[in-house]
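> Letter by letter, the chains look like this.
Number of protein chains: 2
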Amino acid sequence: MRTKIALREKGVEFEVQEEDLWNKSELLLKSNPVHKKVPVLIHNDTPISESLIQVQYIDETWTDAASFLPTDPQSRATARFWADFADKTISFEGGKKIWGNKKGEEQEKGKKEFLESLKVLEAELGDKSYFGGETFGYVDITLVPFYSWFYALEKCGDFSVEAECPKIVAWGKRCVERNSVAATLPESEKVYQQVLKLRQIFGVE
Amino acid sequence: MRTKIALREKGVEFEVQEEDLWNKSELLLKSNPVHKKVPVLIHNDTPISESLIQVQYIDETWTDAASFLPTDPQSRATARFWADFADKTISFEGGKKIWGNKKGEEQEKGKKEFLESLKVLEAELGDKSYFGGETFGYVDITLVPFYSWFYALEKCGDFSVEAECPKIVAWGKRCVERNSVAATLPESEKVYQQVLKLRQIFGVE
Numbered sequence: 001m002r003t004k005i006a007l008r009e010k011g012v013e014f015e016v017q018e019e020d021l022w023n024k025s026e027l028l029l030k031s032n033p034v035h036k037k038v039p040v041l042i043h044n045d046t047p048i049s050e051s052l053i054q055v056q057y058i059d060e061t062w063t064d065a066a067s068f069l070p071t072d073p074q075s076r077a078t079a080r081f082w083a084d085f086a087d088k089t090i091s092f093e094g095g096k097k098i099w100g101n102k103k104g105e106e107q108e109k110g111k112k113e114f115l116e117s118l119k120v121l122e123a124e125l126g127d128k129s130y131f132g133g134e135t136f137g138y139v140d141i142t143l144v145p146f147y148s149w150f151y152a153l154e155k156c157g158d159f160s161v162e163a164e165c166p167k168i169v170a171w172g173k174r175c176v177e178r179n180s181v182a183a184t185l186p187e188s189e190k191v192y193q194q195v196l197k198l199r200q201i202f203g204v205e
Numbered sequence: 001m002r003t004k005i006a007l008r009e010k011g012v013e014f015e016v017q018e019e020d021l022w023n024k025s026e027l028l029l030k031s032n033p034v035h036k037k038v039p040v041l042i043h044n045d046t047p048i049s050e051s052l053i054q055v056q057y058i059d060e061t062w063t064d065a066a067s068f069l070p071t072d073p074q075s076r077a078t079a080r081f082w083a084d085f086a087d088k089t090i091s092f093e094g095g096k097k098i099w100g101n102k103k104g105e106e107q108e109k110g111k112k113e114f115l116e117s118l119k120v121l122e123a124e125l126g127d128k129s130y131f132g133g134e135t136f137g138y139v140d141i142t143l144v145p146f147y148s149w150f151y152a153l154e155k156c157g158d159f160s161v162e163a164e165c166p167k168i169v170a171w172g173k174r175c176v177e178r179n180s181v182a183a184t185l186p187e188s189e190k191v192y193q194q195v196l197k198l199r200q201i202f203g204v205e
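Residue numbers (my numbering), protein chains in the order written: chain A, 1 to 205; chain B, 1 to 205.
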């Protein structure tokens, strides 16, 4: 999602090839032999792995559109710090502690960890439109895919993200007004239905 | 160590303030309130956290000396990929699986993981002088501090890194010929003595 949003922000056309992760293609194994993971971005026949490295590559390759990172080194370091924090703390694995458990101690622990990290991000966001200020950028691209999971986490965990982190939710709504994000993020209801299927597979319900 | 090497490569003078990690200073807690971790780089009264973000900051701030990253986006992505790989796989925690265990299954597992990752890096290095080619750069700065641990790991784990990864060891020796690295890395024997103390504290011996 990060890669698609970045490409769409830059107005770059691309083709998507979905992968069956239980039966990975030769192209994937050849393109990312170290991690064997999606996403891989292939540009000029050269594969680039790891979503945040792809976003930086896209930013440095298509320089006509606005940059995702500010120009001064200090603001760049700040953006990299918060992108790294969001990447490490707001994750699929973190979300799974909520939807992958029935009500109880483990799920409560998952909710606590998730909301603690999100509140740190909310404090950093403050009253700005985006993490970098007025410009949608690197930290926003890193975090916003997870916004489409909020509804599923709320339903599974019986809590309200908006009650705990109103500024983050307002930020998410602001991001979704952008074509790049709207065209990329799945509908919240669809994510929830997929999570319900995963809960069945993992025997949570 | 990464931060010191980067500053020395750029010819920047700096002062070091050591931290007692069992009694962290007010300055550390104020400068890195999120992670409360060293190292923190303070420049123009502004704190910057996370060593790899510091290295990028140093590279972008002192631009008179050679850049740590190449200029073309594709080579930059490659450097970022391998720095990320080295950072994640060759770590204090990984080394601890070797020195933090007596001879036995757990230690063998630690050796296997360490050497597997190091061999991936050895394959990427190939016959180049440095990871980026002829220029000492971002991946070298990320990985080389760990070179000072090799001797301690070899002694604790009863194996030879050079027998398994001769090109990596030759690369390490090449790096240590640079003033920036020589002035930063502790002597291997000193690291080993500290590891022996840690083994006593953790009750390994």
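No lab work stands behind these hints: they were computed from the structure.
Careful: at least some of the hints might be erroneous.
To be verified - Calculated lysine-lysine pairs in the PhoX-like style (CA-CA distance at most 20 Å, straight line):
{"id": "1", "chain 1": "B", "residue 1": "88", "chain 2": "A", "residue 2": "119"}
{"id": "2", "chain 1": "B", "residue 1": "36", "chain 2": "A", "residue 2": "88"}
{"id": "3", "chain 1": "B", "residue 1": "119", "chain 2": "A", "residue 2": "36"}
{"id": "4", "chain 1": "B", "residue 1": "119", "chain 2": "A", "residue 2": "88"}
{"id": "5", "chain 1": "B", "residue 1": "88", "chain 2": "A", "residue 2": "36"}
{"id": "6", "chain 1": "A", "residue 1": "119", "chain 2": "B", "residue 2": "36"}
{"id": "7", "chain 1": "B", "residue 1": "88", "chain 2": "A", "residue 2": "88"}
> Checked against the structure, which of the hints given earlier come out wrong?
Hints 1, 4 are the ones this structure does not satisfy, whereas the remaining hints hold.
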